[in-house]
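Those sequence lines, one after another, are chains A, B and C.
Position one of the first sequence corresponds to residue 1 (our numbering), numbered consecutively onward.
Position one of the second sequence corresponds to residue 1001 (our numbering), numbered consecutively onward.
Position one of the third sequence corresponds to residue 2001 (our numbering), numbered consecutively onward.
The hints are simulated quantities; they were obtained by calculation from the structure and are not laboratory data.
Any given hint might turn out to be false.
[To be verified] What follows is a list of derived Cβ distance ranges for each label pair:
{"#": "1", "chain 1": "B", "residue 1": "A1029", "chain 2": "A", "residue 2": "P26", "range": "41 to 47 Å"}
{"#": "2", "chain 1": "B", "residue 1": "R1303", "chain 2": "A", "residue 2": "A50", "range": "41 to 47 Å"}
{"#": "3", "chain 1": "A", "residue 1": "R206", "chain 2": "C", "residue 2": "N2058", "range": "30 to 36 Å"}
[Unchecked claim] Where chain B lies over chain A, by a calculated footprint (3+ residues, C-beta under 8 Å):
{"#": "4", "stretch": "182–189"}
{"#": "5", "stretch": "302–311"}
Cβ coordinates follow ideal geometry from the N, Cα and C atoms, glycine included.
As a plain string of letters, each chain reads:
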Amino acid sequence: MTAVSPTPAAASLADWSCPLPLRDYPSIVMGHGGGGQLSAELVEHLFRPAFGGSDPAPLTDSAVLTLSGARIAYSTDSFVIKPLVFPGGTIGSLAVHGTINDLAMSGAMPVALSAGFILEEGLPMELLARIVNDMGAAARAAGVRIVTGDTKVVERGKGDGIYINTSGIGVVGAEVHIAPSRARAGDVVLVSGTIGDHGMAIMSQREGLEFETTIESDSAALHTLVAALLAAVPDVHVLRDPTRGGVASSLNEIAADAGVGIEVNEEHVPVRGPVRAACELLGLDPFFVANEGKLLAIVPPEAADQALAALRAHPLGSEAAIIGRVVREHPGMLVGRTGIGARRVITMQIGEQLPRIC
Amino acid sequence: MKYLTEFRDGAIAQRLAAEIRQITTKPWAIMEVCGGQTHSILRNGIDQLLPPEIELIHGPGCPVCVTPLEMIDKALAIAALPDVIFCSFGDMLRVPGSDRDLFRVKSEGGDVRIVYSPLDAVALARQHPTRQVVFFGIGFETTAPANAMAVHMAKREGLTNFSMLVSHVLVPPAIDAIMNAPANRVQAFLAAGHVCSVMGFWQYPPLATRHRVPIVITGFEPLDVLDGILRTVRQLEAGEHRVENAYERVVTFDGNLPAQQLLDEVFAESDRAWRGIGVIPRSGWRLSDAYADFDAEHRFDVRDITTVESARCRAGEVLQGAIKPTDCAAFGAECTPRTPLGATMVSTEGACAAYFNYGRVVQLERVRV
Amino acid sequence: MCLAVPGRIVEIREEHGTRMARLDFGGIQKTVCLAYLPDAVIGDYAIVHVGFAISRINEESALETLRHFRELGILEEELGEVPDDAYRAPEACPLPT
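From just these sequences and the hints, can you work out the full model?
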């Protein structure tokens, strides 16, 4: 789930009527899954009123519940990507990493995962075996057990080969309090490494957009990176893994949730050469391209250097960088300082970012 | 990236901008024709480095904005047909037709596919001989050679299941139309560098002379755009109106002759309606008679199309630089990037979308002061 | 209408009777149509729009333009005409360590 800003108490279901933005689309369009404004509106105007009751808290990457005195993080994510196998991973390893990361972004140590499969009739058994073994390997490498699951089969043509849902639980330390609302003016924004790798690795396999490339997905489990960061800086304010919608969507969401402005220095955001080249070719902005093995961290200014050092000392954070600041000005807006010293407002995309010719 | 990154150097950009500020003594209104240039200006914040006397008017150089509504509606009708694989550049997917866009058609079951190149559509036609593959052939002269080659290959290979819905528009007639419009304020043009890499710039001296405007062939990276503006302002301040090539590494006077040869064979000139502007005579290309068999407009029955443009949309006046987006009553109210009434709000370099986001920067500036 | 990106020709071949080429774009490679540049050879740079190379890059001209840009401002500095009204966006972000 993506985070949304707190809204007034939801209208009762009895007199629910479609609020204006959803009325524009009588049926779901692909943009609703893009991680941009349409996705956010679906959550805000449909899911939250239906599920949220009177609880005004934002729906973040994972929910933290207190059960018999223990703080448990609980998260779910579904994986519908094509292709099923891509440079750097499969839908299986992605499904494991994705939910582990959702839990880790609450500062939780992941404990266990569930795995639900919706298989399409005709899916080759060999492919399924490859994906499932990849999942098992990813879970073992991460030290997280897959303890329960479910399998359903739908008729040929009713599914994209395989859809996977993973849910996970983790334990959150008593002293850990990570939430978008904790972002404060003056805080420093860091990224744990290069951006855009996953999205461009996927893009390079899409029909019509193929290029011969060395771009690999960065899909990885981030919980040990988070642990290393928290050991050095216990007072991390915000963590977010910038998946679909990219760094720009995540920072926009945080800015909106916390009612603060965020400024990034575009030249300081690390992007690998081939990723930048692929983006240039297709007219894509790396800021909006998905990542599956990176995190954004927002920390108090006095802890910035230690945070950077802690990230860089870990194999998954070796290219970490300080990329910006939280500011009092322009609350809710993400602003980029461009390479020529000017500024641009980096607005959330409507749906998913599309290649362009113009 | 070689021959790209060097032209984004921040320090040099600042120096070029300083030079422009030094030589500007009067207000000037300059139109950049190409949507790609508009994109670069907005994305890099180039206009923020210019002195307040320089006004950049964003021209109608974006096929997203100017593809006629009727053509969009034809595309939607064809894309909705059951046997059709409809291929398009990504730019066109969210452009509103009379009542929906290609995304809606996709959600309702149409096989709509984004492609990077028209050759990908030709490849699909080879792979799916029993399906009709239609490519949405929009764009300016830059894109026309690619579209021409695609149709030429289809004809050569006998791919009878391939067809193209053509809606090409041309820059020089647009410049004429803009300068002839009664409310015109444009005093100089940054001509479209990549259009000229194909066509050369031999078409522009008569325009510069006829309308007494400087026309500077300009590239797209920040240094190219700033250099184009610098040369333009120098001419304006000196009362000159010449054609100048500020994109010499890619543009020559004659242009790409093999491309022009195939364009002559595959396309024929036609009158073209520009969305929001109206019909500009001889401002477009359609498929020539030799390629009529591959024309999607003939192959599919798309005659009974009633177009309904929003009554409130003033995109045409914006495209010609006659009004600013903020002058339109619908701007920011019922017309936003999320709920666009017209194409200039849909396209990321459409003037209205630009102002919508830029307006947030203005808000930014006010807060800073 | 104008997104065209520079790449270096690394291989030339024929596909379906058409002259094609593999270009290197700073780390990624893509095969595009080279039919419109019949005289281009391996090692040349070209700009590519929607899968087509539409113009060679004149490297001497590019380097000359860059040289001219770099001299801008240096001459002014030498003459003591340093612009003091350079635009600077507010330095909100700390420099990287």
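Hint check:
Distance hint for B/A1029 and A/P26: a CB-CB separation of about 43 Å, consistent with the stated range 41 to 47 Å. Separated by about 45 Å at the C-beta atoms, B/R1303 and A/A50 satisfy the suggested range of 41 to 47 Å. Distance hint for A/R206 and C/N2058: a CB-CB separation of about 34 Å, consistent with the stated range 30 to 36 Å. Residues of the stretch 182–189 of chain A lying with their CB closer than 8 Å to a CB of chain B number 0, which falls below the three-residue condition for coverage.
Only when three residues or more bring their CB closer than 8 Å to a CB of chain B does the claim for the stretch 302–311 of chain A stand; here the count is 0, and the claim is violated.
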